[in-house]
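Residue numbers (my numbering), protein chains in the order written: chain A, 152 to 294; chain B, 118 to 352.
The set of hints was computed from the structure by calculation and includes no laboratory data.
Keep in mind that a hint or two might mislead.
Derived contacts from chain A toward chain B, CB cut-off under 10 Å, selection only [as the list claims (entries may be wrong)]:
1) Thr-153
2) Pro-154
3) Leu-156
4) Ser-158
5) Thr-161
6) Gly-165
7) Tyr-169
8) Arg-172
9) Leu-247
10) Lys-252
11) Trp-253
12) Thr-254
13) Gln-258
Pulled a few chain B residues facing chain A out of the computed Cβ check, cut under 10 Å [claimed, not checked]:
14) Thr-121
15) Arg-123
16) Asn-185
17) Gly-186
18) Leu-209
19) Gly-210
20) Ser-278
21) Asn-279
22) Arg-320
23) Phe-323
24) Glu-327
25) Phe-347
26) Ser-350
Here are the computed lysine-lysine pairs in the DSBU-like style, where the Cα-Cα straight-line distance is at most 30 Å [what the hints assert, rightly or not]:
27) A/Lys-252 with B/Lys-193
28) B/Lys-159 with A/Lys-252
29) B/Lys-301 with B/Lys-314
30) B/Lys-135 with A/Lys-252
31) B/Lys-215 with B/Lys-135
32) B/Lys-159 with B/Lys-215
33) B/Lys-262 with B/Lys-245
34) A/Lys-252 with B/Lys-314
35) B/Lys-262 with B/Lys-215
36) B/Lys-262 with B/Lys-193
37) B/Lys-262 with B/Lys-314
Don't be surprised by glycine CBs; every beta carbon is placed ideally from N, CA and C.
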Amino acid sequence: MTPILTSLRTTLTGYLRYRGREGHYSFLMHRLTGLGTLLFLIIHILDTATVYFFPSLYEHAIALYQSTPFMLGEIGLVFAVIYHGVNGLRISVLDLRLPEKWTIATQRGGVRMTFILSTLMWLPAAGVMMYNMLQHNYGMFGG
Amino acid sequence: MQVTLRIFRYNPEIGRTKPTFDSYNLEVEPTDRILDLMEEVKAYHDGTLSFRRSCAHGVCGSDAMRINGSNKLACKVLVQDVSSPITLEPLLGLRVIKDLIVDMEPFMESYRSILPYMVNDDIPEDGKERLQSPEERARFDDTTKCILCAACTTSCPSFWSNGEYVGPAAIVNAHRFIFDSRDKAASERLEILNQRKGVWACRTAFNCTEACPREIHVTQAIAEVKRAVFSGSLE
Ligand code: HEM
Ligand code: SF4
Ligand code: FES
Numbered sequence: 152m153t154p155i156l157t158s159l160r161t162t163l164t165g166y167l168r169y170r171g172r173e174g175h176y177s178f179l180m181h182r183l184t185g186l187g188t189l190l191f192l193i194i195h196i197l198d199t200a201t202v203y204f205f206p207s208l209y210e211h212a213i214a215l216y217q218s219t220p221f222m223l224g225e226i227g228l229v230f231a232v233i234y235h236g237v238n239g240l241r242i243s244v245l246d247l248r249l250p251e252k253w254t255i256a257t258q259r260g261g262v263r264m265t266f267i268l269s270t271l272m273w274l275p276a277a278g279v280m281m282y283n284m285l286q287h288n289y290g291m292f293g294g
Numbered sequence: 118m119q120v121t122l123r124i125f126r127y128n129p130e131i132g133r134t135k136p137t138f139d140s141y142n143l144e145v146e147p148t149d150r151i152l153d154l155m156e157e158v159k160a161y162h163d164g165t166l167s168f169r170r171s172c173a174h175g176v177c178g179s180d181a182m183r184i185n186g187s188n189k190l191a192c193k194v195l196v197q198d199v200s201s202p203i204t205l206e207p208l209l210g211l212r213v214i215k216d217l218i219v220d221m222e223p224f225m226e227s228y229r230s231i232l233p234y235m236v237n238d239d240i241p242e243d244g245k246e247r248l249q250s251p252e253e254r255a256r257f258d259d260t261t262k263c264i265l266c267a268a269c270t271t272s273c274p275s276f277w278s279n280g281e282y283v284g285p286a287a288i289v290n291a292h293r294f295i296f297d298s299r300d301k302a303a304s305e306r307l308e309i310l311n312q313r314k315g316v317w318a319c320r321t322a323f324n325c326t327e328a329c330p331r332e333i334h335v336t337q338a339i340a341e342v343k344r345a346v347f348s349g350s351l352e
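Take the sequences, apply the hints, and build the full model.
What follows is the structure, given as structure tokens:
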């Protein structure tokens, strides 16, 4: 195998099969949410560009964003951005200001706290978005 | 009690090039170490089983491996600490030579690259000794404990993706000399670690600290070196 394939295989084996503790999963989520947000931003730049280059397609893009799968994806995206941001701040503060707090106890607790905090911040937004989606797409709540 | 030991096997010498697992059912004590089980397999079941061990007491660093998926020293894990079947696999990210033996050379090369020895050509004031206060000694006490087992480096996602990354163990050993008041080569080491393959490849996944059998605060040591690289000062 070529070196690139070997390291890709090692990487995926490690991600999926290494039995790490909280930090392992926090790392995976940070990377996944970062790449996911990046992917969304790229798509979003492309679809917004259609308003200038292909105005007729723009209508279509907007309709697509209002479809149920996309709206559910957007609710997930909000979680991704919140989690990535909160976790990014946690990492920055520890790494830049409080290296002595990089202990096993603070790491395990910190990762759990980050997850709980992100979920609490996400729930209100998710509720409003879910309400709108049910109203628009399914005629609920008198929509 | 009865346990099943599943061991990763690979031996190109006898054409066993497709990695497979061999299972052994063993009658053991809960307080037996995993290394004892491996010795039993080698002595009574299959003499071709290959692994490194030396001290059997957690000081030489020879027998780091994946035990049920995470890096540990086989001589420090007891049967009662893990659930059966107990799966043994070689460290991840280093080439497997045979069974549980990996090629440690890339790991040692990274270790050597950070100048892991004291550099100081000045003559001591009294011509004999370089004195150090207890506080100065305590500054790098934690990182003197490393036994170069590679459990940290091979648990690191950045290392899995990029074998060029010097890895946590090399940074721990750089830390040991960078913060030693008797040493004079801190700036050289900081320059080496400011490269792409240096400290900035660390993504703080923390697997290293969880894996270290010497309970070294690995991620903290890396963060301190990052800060020294960044600020150019040792505080
Ligand atoms: C809310 C503000 C944000 C903060 C505080 C933040 C913080 C961070 C931090 C600290 C890291 C480095 C993690 C480490 O080295 O341990 C990181 C990585 C990353 N961020 Fe963000 N970020 C933010 C927004 C974003 C956005 C909007 C995107 C997408 C466009 C993004 C994409 C990424 C990616 C792809 C990585 C690399 C992940 C990896 O190497 O595993 N981030 N972020
Ligand atoms: S820092 Fe710990 S895990 Fe890493 S090589 Fe040294 S003893 Fe092993
Ligand atoms: S055999 Fe020496 S550390 Fe385990």
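Given B/Gly-186 as an interface hint, is the shortest Cβ-Cβ distance to chain A below 10 Å?
-> Holds. Min distance 3 Å.
Can B/Arg-320 be said to touch chain A, with a Cβ gap under 10 Å?
-> Interface hint status for B/Arg-320: holds (6 Å vs cutoff 10 Å).
Closest C-beta approach of B/Phe-347 to chain A relative to 10 Å, hint status = holds (8 Å)
Would the hint on B/Asn-185 stand, with a C-beta cut-off of 10 Å toward chain A?
-> B/Asn-185 check passes; min Cβ-Cβ to chain A is 6 Å, inside 10 Å.
Report holds or violated for the interface hint on A/Gly-165, using the least CB-CB distance to chain B and a cut-off of 10 Å.
-> Check passed: Cβ of A/Gly-165 comes within 4 Å of chain B, closer than 10 Å.
Hint status (Cβ of B/Ser-278 to nearest Cβ of chain A, threshold 10 Å) | Check passed: Cβ of B/Ser-278 comes within 5 Å of chain A, closer than 10 Å.
Would you mind confirming whether the straight-line C-alpha gap from B/Lys-301 to B/Lys-314 stays at or under 30 Å?
-> Holds: B/Lys-301 and B/Lys-314 sit about 23 Å apart, inside 30 Å.
Does the nearest C-beta of chain A fall within a distance shorter than 10 Å of the C-beta of B/Gly-210?
-> holds (5 Å)
Restraint satisfaction for B/Asn-279 [CB to CB of chain A, less than 10 Å] | holds (7 Å)
Does A/Thr-161 pass the interface check with chain B, least Cβ-Cβ distance below 10 Å?
-> holds (5 Å)
Is the hinted pair B/Lys-262 and B/Lys-193 satisfied, with a Cα-Cα distance of at most 30 Å?
-> Holds, because 16 Å separates the two Cα atoms, which is no more than 30 Å.
Does A/Lys-252 pair with B/Lys-314 here, judged by a C-alpha cut-off of 30 Å?
-> Holds, at roughly 25 Å.
Checked against the numbered hints above, the structure violates hints 1, 3, 14, 15, 26, 28, 30; every other hint is satisfied.
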